[in-house]
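K.L.:
Using the sequences provided together with the hints, build the complete structure.
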Amino acid sequence: MADPGTAARPVPLHGWGRTAATPALLTPVHDDEGALALLAGRTPRGLLARGLARSYGDAAQNAGGGVLDMTASDRVLAVDLAAGEVEVEAGISLDRLMTLFVPMGLFVPVTAGTRYVTVGGAIAADIHGKNHHVAGSFAQHVRWLDLLTADGRVRRVGPERDADLFWATAGGMGLTGVILRARVRMKPIESSQVLVDTDRTPDLDSLMTLLSETDHLYDYSVAWIDCVATGRRMGRSVLTRGRFAARDELPAGKRTDPLRYSGPVRLSVPDVFPPGVLNVATVTAFNELWYRTSPRRRRGQLQGIPAFFHPLDGVGHWNRVYGPRGFVQYQFTVPFGQEEAMREALRRISHSGHASFLAVLKRFGAGNPGMLSYPSPGWTLALDIPVVTGLATLLDRLDELVLGAGGRIYLAKDSRLRRETFEQMYPRLEDFRAVRRRVDPDGVFTSDLARRLSL
Amino acid sequence: MIDALGSVGSLLLVGGTSDIAVATAHRYLRERPLRVVVAARDTPRRAAVAAELRSAGAAVEVVDFDADDPGSPARMVTAAAAGGDVDVALVAFGQLGDADRLRADSGAVAALAQVNFVAPTVVGTELAGLMRSQGHGVIVALSSVAGERPRASNFVYGSTKAGLDAFFSGLADSVVGTGVSVLVVRPGFVRTKMTEGMTAAPLATTPDAVAEAIVSGIRRGRHTVWVPGAMRWVMSALRHTPRAVFRRLPV
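Here the protein sequences line up with chains A and B, keeping their order.
Note that the first sequence covers residues 38 to 492 in my numbering.
Note that the second sequence covers residues 29 to 279 in my numbering.
Hints are computed from structural coordinates only; laboratory data are not their basis.
We put the beta carbon where it would ideally sit given N, CA and C, even for glycine.
Ranges between beta-carbon positions, derived for each pair:
| no. | chain 1 | residue 1 | chain 2 | residue 2 | range |
| --- | --- | --- | --- | --- | --- |
| 1 | A | Glu325 | B | Thr227 | 54 to 64 Å |
| 2 | A | Gly313 | B | Ala110 | 37 to 47 Å |
| 3 | B | Val204 | A | Thr80 | 15 to 25 Å |
| 4 | A | Arg384 | B | Thr227 | 47 to 57 Å |
| 5 | A | Phe310 | B | Arg73 | 44 to 54 Å |
| 6 | B | Arg82 | A | Asp256 | 46 to 56 Å |
| 7 | A | Leu466 | B | Ala75 | 26 to 36 Å |
Negatives, chain B to chain A, calculated, CB over 10 Å:
| no. | residue |
| --- | --- |
| 8 | His54 |
| 9 | Leu57 |
| 10 | Gly125 |
| 11 | Arg179 |
| 12 | Ser197 |
| 13 | Glu224 |
| 14 | His251 |
| 15 | Ser264 |
| 16 | Leu266 |
| 17 | Arg271 |
| 18 | Ala272 |
| 19 | Pro278 |
P.N.:
Right, dumping it as structure tokens:
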């Protein structure tokens, strides 16, 4: 049994981008009683649940306050194979869900570019994946969740049960309470292999056209864009799209064990990189190699789940490559019809001299009722940029461009957005604040991100 | 919160009407709007500074602060924190004093030590307490090259700055691991209202240059900055000059 009095220790916490660390009392939470004890013993700096800390910025930090390490709550509570539903504790990772359930023919309904996120984190950030245009975001596959609110009650909420609180919690960045458990609708699969089509496109326009015309034919699609290339080659891309193969589509050798799955971390990056290893020269070389070695056009290639969905997960701690100053990820959307804004954003990034590799472009489908949920119909671009002098101003200007086009920034990636800009990007912010006032009038649940953006 | 790229959400200026404090606020406001708390005595100058920063885009709050009043620092810090976390606090008040008068008037010496040394240490202690509970924050203390090696022409001022410098340098080490950091700024001769009418010393600098050094020092996570940067090497040389030579130097 966890004793919060002895288990808690002040530690510096940061996100995946390794920027702006702040100390907090981090306590593992094993059960409801543990979470309730922390709630009862909270300090004026409040509390926040933290999962695997794959958000890039300060979303899972609470300077000077308490942080609940939810990864200690990672049990599977119930499985209904007929309905394809699993009931799990919030700290279980998508990685674990895949290891347990892919062999039973169930895949997670939505996965981010990493499978090292918890179910609680997936709901709190309402993550999306390569299938957003078909399946929406993670919260749309949650039947219900149990939420510990500031008054000490555990409330079961869902799209049909206190829908306001559910849709404030989905995408709510942990600010409505602690997600303890959830029932998730999984995706039935016949095999663990993905049939992948790959296309190289010479520029951004041809990529967007191809996506607009053919995206609906695939369950999963995403494009990697070379954000260093300029001029006519600006926006040259490698587009990969696919769907899970049916059992009879597999070659004979794989049919005997079609749901075989393993997703290991093959090697880990040591923490020895000085700043500036990823610069324009190295990234240009990398991008050139990536583009040239990708097939111009390939159809029906079989790939495993890790290779198709989580290529970077094979390398542990890859964020260390950016050195001690860390990096930011800039991810934004613009609605359909604002392609010119996307072009302009890409032009500014390409010409800025700030190296970015592995920028990804995706076409979103319809959004959901989540008050702070990020996806909305249109285009989304995500890129990693090392922290360098002058970046703050470049990104502030990009924010204005994105806002002007009716777009927004993804909070799970953000570490530097301005409050005033944020408020204009999320029109349902006041609804979110109203729900939060109802369930947490004193603002017990808070985070560095919440303080920075005055959420 | 200071964000991933070093942008600041709120700035507390203790001695908020000083030229360097105002320049620092303007330097930050050139990047983004932010909350600025101006802590100073209730004077027309304070109202003017508040109005000036407001028109530059700041959300300005005004708080009373008097370096001669022992109870003032605690009240000031509480009042400044009432509106939200303090990300950066600049301890910018201080006086030069009249060197001739300070040679003979012990009352004037005590008063200068109160304003330049005692009050800043009390303010620093209060700020460190606030920021430790916040789990984040940067305290910037305005020291001076005069504290590096006090010289005959203004040794009283120099000695108060030496004490201040030692206090905040030690404070910096004591808060490691708490999320709080301290930046000690050592400018040379700065052309401000405090030095108005004086002949500028070599390597003289401006409030804007000091502000620039403060902002970039915070961004880079520095603990000490010299303004201009060359001052570091000049003072290092002066520090190691034999006394017999040093006291004859025209500095």
